[in-house]
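Undergrad: As a plain string of letters, each chain reads:
There are 2 protein chains.
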Amino acid sequence: MLFTIDRSQQKPVQNQLREQIIAALMKGQLVAGEKMPSSRKLAKDLKISRTTVMIVYDKLVEGNFLVAAPRSGYRVSDIAAKTDKPPPMNPGAEMPNTVKWEKWFDSRLGAQRNIVKPLNWQDYPYPFVYGQPDASLFPLPAWRECSRQAMSRLAMRDWANDAVMADDPELVTEIRSKLLPKRGIYADRSEILITLGAQNALYLIAAVLMREGMTVGIEDPGYPDARNIFDRRGAFLIPLGVDEDGVVIDENVARSEILYVTPSHQYPTTVTLSPERRKALLTSVAENNALLIEDDFESDTNYRGDAVPALKSEDRDGRVIYVGSLSKSMFPGLRLGFIVAPERLIKELRTLRRLMLRHAPSNNQRTTALFIAQGYHLSYIHKLHQAYGERWHRMAAALNTHLPGMTTAPRFGGTSFWIKGPGGLDSEALAARALDQGVVLEPGAVHFMEPAEGARYFRLGFSSIALDRIEEGIKRLAALL
Amino acid sequence: MLFTIDRSQQKPVQNQLREQIIAALMKGQLVAGEKMPSSRKLAKDLKISRTTVMIVYDKLVEGNFLVAAPRSGYRVSDIAAKTDKPPPMNPGAEMPNTVKWEKWFDSRLGAQRNIVKPLNWQDYPYPFVYGQPDASLFPLPAWRECSRQAMSRLAMRDWANDAVMADDPELVTEIRSKLLPKRGIYADRSEILITLGAQNALYLIAAVLMREGMTVGIEDPGYPDARNIFDRRGAFLIPLGVDEDGVVIDENVARSEILYVTPSHQYPTTVTLSPERRKALLTSVAENNALLIEDDFESDTNYRGDAVPALKSEDRDGRVIYVGSLSKSMFPGLRLGFIVAPERLIKELRTLRRLMLRHAPSNNQRTTALFIAQGYHLSYIHKLHQAYGERWHRMAAALNTHLPGMTTAPRFGGTSFWIKGPGGLDSEALAARALDQGVVLEPGAVHFMEPAEGARYFRLGFSSIALDRIEEGIKRLAALL
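Residue numbers (our numbering), protein chains in the order written: chain A, 6 to 486; chain B, 6 to 486.
Read the hints as simulated data drawn from the structure, not as lab findings.
Since this is a predicted model, take the numbers as computed values, not measurements.
Treat each hint with caution, since some may be false.
Same chains, same names: a pair is fine if it fits in one copy or spans any two.
[Stated by the list, open to error] Straight-line C-alpha distance at most 27 Å; calculated DSSO-like pairs for lysine-lysine:
hint: 1; residue 1: Lys187; residue 2: Lys284
hint: 2; residue 1: Lys352; residue 2: Lys122
hint: 3; residue 1: Lys187; residue 2: Lys49
hint: 4; residue 1: Lys16; residue 2: Lys187
hint: 5; residue 1: Lys32; residue 2: Lys64
hint: 6; residue 1: Lys480; residue 2: Lys64
hint: 7; residue 1: Lys480; residue 2: Lys52
hint: 8; residue 1: Lys16; residue 2: Lys64
hint: 9; residue 1: Lys40; residue 2: Lys64
hint: 10; residue 1: Lys480; residue 2: Lys49
hint: 11; residue 1: Lys64; residue 2: Lys122
hint: 12; residue 1: Lys32; residue 2: Lys46
hint: 13; residue 1: Lys40; residue 2: Lys105
hint: 14; residue 1: Lys16; residue 2: Lys183
hint: 15; residue 1: Lys284; residue 2: Lys16
Same shape as in the complex, but just chain A (with noise of 0.2 Å):
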């Protein structure tokens, strides 16, 4: 008995069937010319409905992975006979490990502090973890079709080849005339690469820019995995103080050859730079003679209509580059970003994304384009402002209520708060013990360049939870401090 149906699997019994049978063919366990089970016998043996195999089994004939043959029924076609049969695995090849491999290794990169989430987080009942969208608003049947209008055999001419260099003329159109010009940015498609993602843009311009000993500010507290990037290059951090007006402008900015900021959505505060500080950043980045990286995260989540405009817009000098993400308002596992800088520096940054990948998958790039082109992105942005707009009202309320004072509102929206617990708070104790209550929350340790500084902080998404979980979990939060 080959084949065996598991109901307590996602995967369609259709599928199970089909892909079980092409193992079997692919391992040689089944061969050129050999007679298949009659689809009664096995459906009768696999306890399927008849039609499902037959299904199958019409459709590899299809794939000319069967036969029919009159009267007779299915054989194996002779793509089994043609099919190089794994040689045998060699004796003493499975991999042993003589090589000391701690020696080759640059010790910085294990060192690194990253965010950690418990894998299991949807298991929990309150789950504010940040930077996981809620699947169910995503428009699949829209994402579908757009997929379906980019894997046409004409559109596939574009895409197929490898592009080397070059983006999706279509996708950079998008970028330039829809995405950009809400954030106040006019640029020329010279001025534009595709990433993939928002940190892979930030990783190319650490590795074109950054030298070991430069001098960077990067905000504390702030993103980790911009840090660690900026660290493994080599460079010499500098804090930045970060305070209710956004990033302080001091003698740390002045010092500091590349900033690294998040000016409309301070990561992870949340609060926006306010006017004069975006003033004196930019004429301090000017008299320094320095650049600036502005990470414009999340600039689709605003539900206040108050929105700021990306620093880059009144760049005068062409020092600020601008890092946008698109995965964070399509789905992250899509992996796409995109930077915008002087023409000379994104030329710099693609010779390198050549050497590194290439370029973002074809076939994405096109599936996105083509998805904000027919306005399917427009409408997603609108449920989602309205679907974390509403949590976003319902979370202020509830830590007003439960937790007064310990939080500033976003300014700007985003999807999430930052708390400053009581003086003495380890917040990592707290979120062990908040686990226990059903409450996954983020300490705010990982994001201070001195871990002990950030005890008493902790972050609070609500990007995954629902909306009528969000009182109860900050009750239960509320009663733990």
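Model the placement of chain B on the given structure of chain A, informed by the hints.
TA: Relative to chain A, chain B alone:
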């Protein structure tokens, strides 16, 4: 007149109209409540069918962009009012360039030599280009079907979230159970990492293992992208000679701390490493406590039934780092590859990949897994074999007739022939003259560490040239020589 239809565009008329309405809405050219032209009038003005206009209008109603009012036609919905209007362009913000960019850059990156193809190679009748598959052979309906399955609401739960470190378990299963055994490799899940194509695999390996001044042996001639990637790490590159038995085992092999080789099918000469050399190479690597990177590109192109297992299958010390490509056997724009190596190294590579780009796009990983599991990959490979095999025989015959003695037919298949022209030939000049005759070929110099050594060589790819064009193309080339 806001809208225009351009019939010379590939884009379907429906899409053109829909996209222009969305664009007008986002730019504020259409405002909430505004009456749309009647389908009759718009159809007349644009010279398109009224049905087309009605379908577009109905779809826009479905997407809440338009509202259909009984007897009064279609109006713009209030989504237009809720959409952020772009702030005006900031005067003086057209990205001037006051930054002296060159001083920020590493001059090494800009100086690298790359393969350059005429961008419009598809316009020439005899395109002997390399590495561009024949898109007409790709089973688009099967890919669409898998893509549709990967985009089910249920499956999306698996891949919509940011997987951070993880790869799609189903793709790992397929690589492990169907692709690797054919190469004689039996690996554990923890020994496999998915990358953004084989080139990204090399970049990751170099970034983890290579340091300034480390001695790295590369085949000469060899793969220019690998040479460039290792050069970017500051490695000291040692040329390894190549003859008709593959890479020559000499003191340069012994001196290399890391070796990069393409044993099954040497790039670009197409020769297969002989059994004696295979043994000698592995022995030398073990004796010198070195590491070996095996690039098994085009492992699925073997028209002669004598596939050689991967070197990795004989690795008894865990010193072979295997790099495989899925782009070659699917479509290059997909950008999927993988690494097989000891678990400890994979762990380190995964940590770096997390920093660089997190992971390959999840939807493509899942679609590819289904494409392999359901046998479509297998039958596509068969189809490719047949088509490329025919072209391979035609090429071999034509070269034998018109350019006798100038090439060794590849033992392992592949998609190109490597030609040693007469002494004193300048293949760059030949390529330029051949273009005038409609023939595209690739000069050999870029594959050599010393470009002058490669002047007499060139490469003829046959994956993109029609079978019946081969002989005439070679004939024209012979006439030029």
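Undergrad: Work down the list of hints and note, for each, if the structure agrees.
TA: These are the hints, each one checked on the structure:
{"no.": "1", "hint": "Lys187 x Lys284", "verdict": "within (20 Å within a copy, 62 Å between copies)"}
{"no.": "2", "hint": "Lys352 x Lys122", "verdict": "between (37 Å within a copy, 19 Å between copies)"}
{"no.": "3", "hint": "Lys187 x Lys49", "verdict": "neither (60 Å within a copy, 34 Å between copies)"}
{"no.": "4", "hint": "Lys16 x Lys187", "verdict": "between (41 Å within a copy, 26 Å between copies)"}
{"no.": "5", "hint": "Lys32 x Lys64", "verdict": "within (20 Å within a copy, 48 Å between copies)"}
{"no.": "6", "hint": "Lys480 x Lys64", "verdict": "neither (55 Å within a copy, 44 Å between copies)"}
{"no.": "7", "hint": "Lys480 x Lys52", "verdict": "neither (49 Å within a copy, 63 Å between copies)"}
{"no.": "8", "hint": "Lys16 x Lys64", "verdict": "within (17 Å within a copy, 32 Å between copies)"}
{"no.": "9", "hint": "Lys40 x Lys64", "verdict": "within (17 Å within a copy, 49 Å between copies)"}
{"no.": "10", "hint": "Lys480 x Lys49", "verdict": "neither (54 Å within a copy, 62 Å between copies)"}
{"no.": "11", "hint": "Lys64 x Lys122", "verdict": "neither (42 Å within a copy, 40 Å between copies)"}
{"no.": "12", "hint": "Lys32 x Lys46", "verdict": "within (23 Å within a copy, 63 Å between copies)"}
{"no.": "13", "hint": "Lys40 x Lys105", "verdict": "neither (52 Å within a copy, 73 Å between copies)"}
{"no.": "14", "hint": "Lys16 x Lys183", "verdict": "between (38 Å within a copy, 19 Å between copies)"}
{"no.": "15", "hint": "Lys284 x Lys16", "verdict": "neither (55 Å within a copy, 44 Å between copies)"}
Hint compliance for this structure: hints 3, 6, 7, 10, 11, 13 and 15 are not met, and every other hint is.
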